[in-house]
Amino acid sequence: MKFIDEFRNSEIAKGIMREIERLSQGRKFRIMEICGGHTHTIYRYGLHDILPTNIELVHGPGCPVCVLPMGRIDGAIAIAKNDGVILATFGDMMRVPGSESSLIDAQADGSDVRMVYSPLDALKLALQHPDRKVVFFAIGFETTAPSTAVTLLQAKRLGARNFFVFCNHVLVVPAIKALLDSPETQLDGFIGPGHVTTVIGSKAWEFIPSEYSKGIVISGFEPLDMLQAIYLLIKQLIEGKPKVDVQYTRAVRPEGNPKAKELMEQVFELRETFEWRGLGWIERSALKLKPDFAEFDAELNFDLPRRRVPDPKVCQCGAVLRGAILPWECKVFGTACTPERPIGACMVSSEGACAAVYQYGRYSRKVRELLQRKTAEPFS
Amino acid sequence: MCLAVPAQVVEIVDEENQIAKVDIGGVRRNISVALLDDVKIGDWVLVHVGFAIQKVDEEEAERTIELLKQLGQPYEEELKALGG
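Going down the list, the protein sequences come from chains G and C. Here the working numbering is used: the first residue of the first sequence is 1, the next is one more, and so on. Here the working numbering is used: the first residue of the second sequence is 1001, the next is one more, and so on.
It should be emphasised that the hints constitute simulated quantities derived from the structure, not laboratory data. Treat each hint with caution, since some may be false.
[To be verified] Only pairs whose alpha carbons sit at most 27 Å apart, straight line, appear in this in silico DSS-like list of lysine-lysine: (1) G:Lys288 <-> G:Lys261; (2) G:Lys156 <-> C:Lys1021; (3) C:Lys1040 <-> G:Lys2; (4) G:Lys124 <-> G:Lys261; (5) G:Lys331 <-> C:Lys1040.
[As the list claims (entries may be wrong)] Covered stretches of chain C (chain G as the covering partner; in silico rule of three or more C-beta atoms under 8 Å from a C-beta of chain G): (6) 1037-1051; (7) 1059-1070.
All residues carry an ideal CB built from backbone N, CA and C; glycine is no exception.
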């Protein structure tokens, strides 16, 4: 496929790897890849195994399914249980555990929960079923929020009175600021999220070098993209000139996508605060519907439990999302918590760090040894 | 979740509702182009949850591939030298 195959050439990868090795010699680097899509690429292509050992990749909070606290899943399940409601959501959300059950359990219990590919498909459901209330369980970062905005504007234009949005859109920049302000975080730089940045623009990351003196390279999602981004980041760190660099130039512009930002502005406003799994409450880090769209706002039109539910004690998703531990260091990784029976959200979404390691990385020597030790002595 | 795939616009299906048909690796489907201005047949776009979120710049892609090849070149040359 064009724009994909060219960025998967293993011979070029070997060459870049050599350059990274040569350049990084004699120094340790701790780099966070913010986006779950990048985590997926790292494990799928085994980049973690071929990078020199002085470069440590830490996984960031860029998986919208993973950062949603259990209370919000409970909220979606409560909405789905209402008579006559169709709850529509992305496939990734179906198996995420709430405090008592997941949406797939709710579906088995008779609630009408449907997977959709696009928010527009949810609106289509509402138009096809005027006698039902259709609620779209909206999740995602700035990449996804503009699509929900367009869908809401269309719902308003069409007067779709039976369409609602349960808005859980969150913003990446405030989360990264919160991480950088935490004393726990020891990082040299970031691999920045390519697709979020196609919308918000590379200028949005200027605070990383200017306020925190750290580097960031916005990267594409193919293995060669990521290797080049790592090379560029190490280069700027060695030169002692941290800056915002863009590797994904074929899709990222300094100003992002102005039209998408403008449409988001029309529909959403900032929440004062929002709870992130693992990161806690972060001010102005999530979106809600503007008062003009109150008639579509599921939070205003349905009874929600609004409970704050702590994560199960054995689950260490929070620490994984903060980059404080690596997935296989979690007590239950690969033993009590697997993609078939997940305890935490990081094991559910294909972009969750735990699911990525479980699927592709657990055969690497380091992970296998740790897992064998853990199976012999679970919960030790 | 933030997965987006490159696709080529093959037809403007509905100008008023901003729907275009794209080819994604041989599969054709309708997507919304409401987030972009001036989408034309032949344009490459990134598709995420049924929406084109950004155009893909072919020239920039070529430039990146050139840079990647240059970056990997010393290794290739070393291999050649070893081969004698």
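Q: Starting from the hint list further up, note which numbers the structure goes against and sort them upward.
A: As far as the earlier hints go, only 5 is violated by this structure.
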